[in-house]
Amino acid sequence: MSILEIKGVGYSYDSKRSVLKGINAALEAGKMYAITGPSGCGKTTLLSLLGGLDSPSKGQIQFDGQDIEKIGLSVHRKNNVAFIFQSYNLIDYLTPRENVSLTSKLPPQPILERVGLTGEECKRNVLKLSGGQQQRVAIARALASDASVILADEPTGNLDEDTAAEITDILKECAHQMNKCIVIVTHSNDLARQADVIFRLKKGELLTEKK
Amino acid sequence: MNFAKRACLYLIRKKGKTIILLAFLLAMATMMLTCISIQSATKDAAFNVRKGLMGSFTVNAKHLEGGLTEEVLHQILSIDGLSGNYTLRSYTQASLLDKLGDALEIEIDGAASVPEGFEHAGKIVANSNSEKDTYFTEAGFQLVEGNAIISEEKGVVLIHEDFAKRNHLSIGDTMMLGNIEDKKLHIEVTVKGIFTNTKEQDSLGIVPSYDLYENIVFTDINTCSYLLFADFGQSCQYGDFYMDDPEELDAIMEIVKAIPDVSWQDCVITKYDKDYQNARDALVSLQDIVYVAIVVITAICFIILSLLLIFRLRNRVYEMGVLLAMGISKSAILMQQLMEVLIVAAFAFVLAFVSSSFIAQQVGDSLLSQTISANYETVDLTNSKTKNKSKEETNNMAALAEVKLAEIKVSISIIDYVLVWIAGILICVISTTLAIIPILRMKPKNILTQMS
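Just so you know, the sequences run in chain order U and E. One point on numbering: in the working numbering, the residue at position 56 of the first sequence is 133, and numbering is uninterrupted. One point on numbering: in the working numbering, the residue at position 306 of the second sequence is 370, and numbering is uninterrupted.
If you are wondering where the hints come from, they were derived from the structure by calculation, not from laboratory data. Keep in mind the model is a prediction, meaning the values are calculated, not measured. Do not take every clue at face value.
Stated by the list, open to error - Each computed PhoX-like pair below joins lysine-lysine, with the alpha-carbon atoms no more than 20 Å apart:
| hint | chain 1 | residue 1 | chain 2 | residue 2 |
| --- | --- | --- | --- | --- |
| 1 | U | 249 | U | 98 |
| 2 | E | 163 | E | 79 |
| 3 | U | 98 | U | 84 |
| 4 | U | 279 | U | 84 |
| 5 | U | 93 | U | 280 |
| 6 | U | 98 | U | 135 |
| 7 | E | 507 | U | 147 |
| 8 | E | 69 | E | 394 |
| 9 | U | 135 | U | 93 |
| 10 | E | 69 | U | 135 |
| 11 | E | 69 | U | 200 |
| 12 | U | 147 | E | 394 |
| 13 | E | 229 | E | 163 |
| 14 | U | 155 | E | 69 |
| 15 | U | 200 | E | 78 |
| 16 | E | 69 | U | 182 |
| 17 | U | 205 | E | 78 |
| 18 | U | 84 | U | 280 |
| 19 | U | 84 | U | 147 |
| 20 | E | 338 | U | 155 |
| 21 | U | 84 | U | 135 |
| 22 | E | 229 | U | 155 |
| 23 | U | 205 | E | 79 |
| 24 | E | 81 | E | 69 |
| 25 | U | 279 | U | 93 |
| 26 | E | 507 | U | 200 |
| 27 | E | 394 | E | 507 |
Assemble the whole structure, with the sequences as input and the hints as a guide.
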């Protein structure tokens with residue numbers, strides 16, 4: 078059963094430039110989805126709509142059968158989804174543990190250890206961690222919120238190949254072992270290939286490439 | 065993690081930014097508290113000046129034979145608002161006679177000629193309290209023997225030491241004062257005191273003999289009343305009445321004017337509050353300046369704090385975007401920002417108590433003493449140029465000197481401190497809210513796009 082459903086979603090900037098044209102899709106828990114496409118095609122916009130950061134111009138997005146507008150976008154963001162950003166977006170005056178604790182519904186330390194951070198690293202200022210370590214903290218923060226859906230925007234975009242592979246493995250593990258619905262927006266074909274389903278966004282339409 | 069913990073962690077971890085905010089809020093609170101304390105001190109000073117510079121009015125007869133009757137005097141003294149401090153005065157001339165009725169010898173050297181009948185006359189000065197008479201307070205007269213004449217006494221005189229020597233009079237001796245026109249009207253008096261003059265008399269050669277210092281005789285109001293009106297009592301030519309509060313002078317003078325027994329065709333009422341008005345105007349000007357300073361400082365602090373917070377929050381847009389993306393409410397983000405500013409403000413306001421206490425006393429002392437001193441000099445100059453200085457002016461000088469000398473404490477009162485807390489918190493809350501509103505009105509996606 079799908080956890081997140083996109084029903085006829087359209088989005089246009091300033092009521093003129095339409096970037097999404099009546100998109101339909103159903104996303105299930107326990108799977109990793111990748112959304113690819115050329116720059117400016119609306120991948121990040123679609124991710125923002127799924128995460129309740131913005132509202133579609135038309136159509137609706139349902140979480141567990143309920144329109145997220147009716148749930149309330151703030152409530153949807155707090156309870157149902159979690160974000161992982163390309164630039165990590167950690168709060169710079171907090172330690173990894175405190176970053177994870179921001180909206181944590183679960184104890185932070187086991188999650189941080191699960192994504193590969195040591196106890197000592199968890200006490201440092203986040204800006205003193207490497208890019209890979211910072212992205213692990215971001216993933217831990219998403220996991221700690223206990224959200225069913227994790228939305229990741231270019232999660233490996235700033236990382237080297239080896240680290241990117243490690244992060245990809247963690248995300249796959251989240252989907253398959255923790256039964257999360259992972260939606261990744263990426264330019265990386267390597268990362269996209271790791272997904273269970275690949276969507277290609279082209280001229281405002283969402284095409285399924287791999288199932 | 066709640067907003068309070070986030071706020072505390074930010075303040076602890078971002079020490080530089082916290083110190084900048086603390087320094088600004090400390091400066092703001094110190095300036096506000098200093099100005100408010102000075103304003104309070106000027107209010108106190110104004111009150112002291114009101115109390116010190118007693119305004120007064122004088123009711124006096126237009127003609128020698130007119131004056132204040134005892135009945136009118138009692139009616140005036142029953143008016144609320146009078147300090148109970150009053151002086152009655154009368155002036156006339158009388159023949160100076162021994163107890164047998166023979167003329168006593170007077171000084172005539174350096175005197176102008178006098179009309180017939182005044183050859184043995186002296187000036188009679190009656191005062192309800194001779195110590196307060198301007199001859200003693202300003203002209204340099206001094207008692208060398210005996211005591212001053214006080215209210216309610218009857219049949220006593222003070223004579224000049226030359227006159228006493230010339231006529232072999234001493235304390236306790238008796239003499240007589242005779243009416244110039246009515247030879248049968250005379251009164252026996254006892255010498256209560258002997259005085260001398262420490263300053264030379266001006267205008268010698270043009271004053272009649274009865275006006276020479278040596279021939280002046282001070283007596284009581286009752287005796288003078290008998291000489292003037294052939295009636296023992298407190299009737300007199302001049303009545304000086306002092307006020308508790310000079311602000312009430314006009315109102316009380318209106319009540320006096322409404323007393324039916326006074327013939328205002330024969331009497332004049334005169335107001336004396338120039339010194340009070342001068343002092344009051346100077347202090348009101350200072351109060352106005354301080355008030356304007358408070359308004360300007362508050363406005364400038366408000367603007368600068370708003371700008372400071374706008375810059376501060378602009379650097380934290382990403383943080384708000386992340387928090388919003390994580391579902392943290394806008395109100396919680398606003399509360400975090402408010403708490404950060406208010407915690408720093410609380411520290412700043414506590415420190416401001418110490419800094420303001422020091423600065424307020426320094427600045428306040430300087431401002432107030434300048435104001436009072438300038439005013440004191442004005443009064444001093446006015447008085448020194450006036451030959452016939454009134455008792456009121458003399459009292460005012462003394463009172464003003466007291467105000468000047470008494471240290472005016474510019475201290476921080478609890479009310480002032482609470483006022484600064486309230487004003488400071490309001491400024492912080494409004495500035496923070498105004499600074500953060502434009503950010504919180506943006507959609508989370510737009511904030512995150514800005515971050516990118």
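Quick rundown of the hints versus the structure:
Between residue 249 (chain U) and residue 98 (chain U) the alpha-carbon distance is near 29 Å, which puts this suggested pair outside the 20 Å criterion. With a CA separation close to 98 Å, the supplied pair residue 163 (chain E) and residue 79 (chain E) exceeds the 20 Å bound. Pair hint residue 98 (chain U) plus residue 84 (chain U) holds up; C-alpha atoms about 11 Å apart against a cutoff of 20 Å. The hinted pair formed by residue 279 (chain U) and residue 84 (chain U) meets the criterion: a straight-line CA distance of about 17 Å does not exceed 20 Å.
Restraint check for residue 93 (chain U) and residue 280 (chain U): the C-alpha separation of about 15 Å stays at or below 20 Å, so the hint holds. A threshold of 20 Å between alpha carbons decides the hint, and for residue 98 (chain U) with residue 135 (chain U) the separation of about 9 Å falls inside it, so the pair holds. A hinted pair counts as satisfied when its Cα atoms are at most 20 Å apart, and residue 507 (chain E) with residue 147 (chain U) qualifies at roughly 17 Å. For the proposed pair residue 69 (chain E) and residue 394 (chain E), the alpha carbon gap of about 16 Å is at most 20 Å, so the pair holds.
For a cut-off of 20 Å, the pair hint linking residue 135 (chain U) to residue 93 (chain U) stands: about 14 Å separates their Cα positions. As the CA atoms of residue 69 (chain E) and residue 135 (chain U) are separated by approximately 40 Å, the hinted pair breaks the 20 Å bound. A C-alpha spacing of about 17 Å is found between residue 69 (chain E) and residue 200 (chain U), which places the hinted pair at or below 20 Å, so the restraint holds. A C-alpha spacing of about 18 Å is found between residue 147 (chain U) and residue 394 (chain E), which places the hinted pair at or below 20 Å, so the restraint holds.
A distance of roughly 16 Å separates the Cα atoms of residue 229 (chain E) and residue 163 (chain E); the hinted pair therefore holds under the 20 Å criterion. For the hint pairing residue 155 (chain U) with residue 69 (chain E), the CA-to-CA distance comes to about 19 Å; that is within 20 Å, so the pair holds. Of the supplied pair hints, the one linking residue 200 (chain U) and residue 78 (chain E) holds, its CA atoms being roughly 17 Å apart against a limit of 20 Å. Between residue 69 (chain E) and residue 182 (chain U), the direct Cα distance comes to roughly 17 Å. Compliance with the 20 Å bound is thereby established for this hinted pair.
Between residue 205 (chain U) and residue 78 (chain E) the CA atoms are separated by roughly 15 Å; this keeps the pair inside 20 Å, and the hint holds. A hinted pair counts as satisfied when its Cα atoms are at most 20 Å apart, and residue 84 (chain U) with residue 280 (chain U) qualifies at roughly 18 Å. With a C-alpha separation of about 15 Å, the suggested pairing of residue 84 (chain U) with residue 147 (chain U) holds against the 20 Å cut-off. This hinted pair does not check out: residue 338 (chain E) and residue 155 (chain U) have alpha carbons roughly 75 Å apart, beyond 20 Å.
A distance of roughly 9 Å separates the Cα atoms of residue 84 (chain U) and residue 135 (chain U); the hinted pair therefore holds under the 20 Å criterion. The suggested pairing of residue 229 (chain E) with residue 155 (chain U) is violated, with an alpha-carbon distance near 111 Å, which exceeds 20 Å. Annotation: proposed proximity of residue 205 (chain U) to residue 79 (chain E) holds, straight-line Cα distance about 18 Å (limit 20 Å). Taking the CA atoms of residue 81 (chain E) and residue 69 (chain E), the gap is near 17 Å; set against the 20 Å cutoff, the hint holds.
Taking the CA atoms of residue 279 (chain U) and residue 93 (chain U), the gap is about 18 Å. The hint holds against a cut of 20 Å. A threshold of 20 Å between alpha carbons decides the hint, and for residue 507 (chain E) with residue 200 (chain U) the separation of about 33 Å lies outside it, so the pair is violated. Between the alpha carbons of residue 394 (chain E) and residue 507 (chain E) the distance comes to roughly 11 Å, so the proposed pair stays at or under 20 Å and holds.
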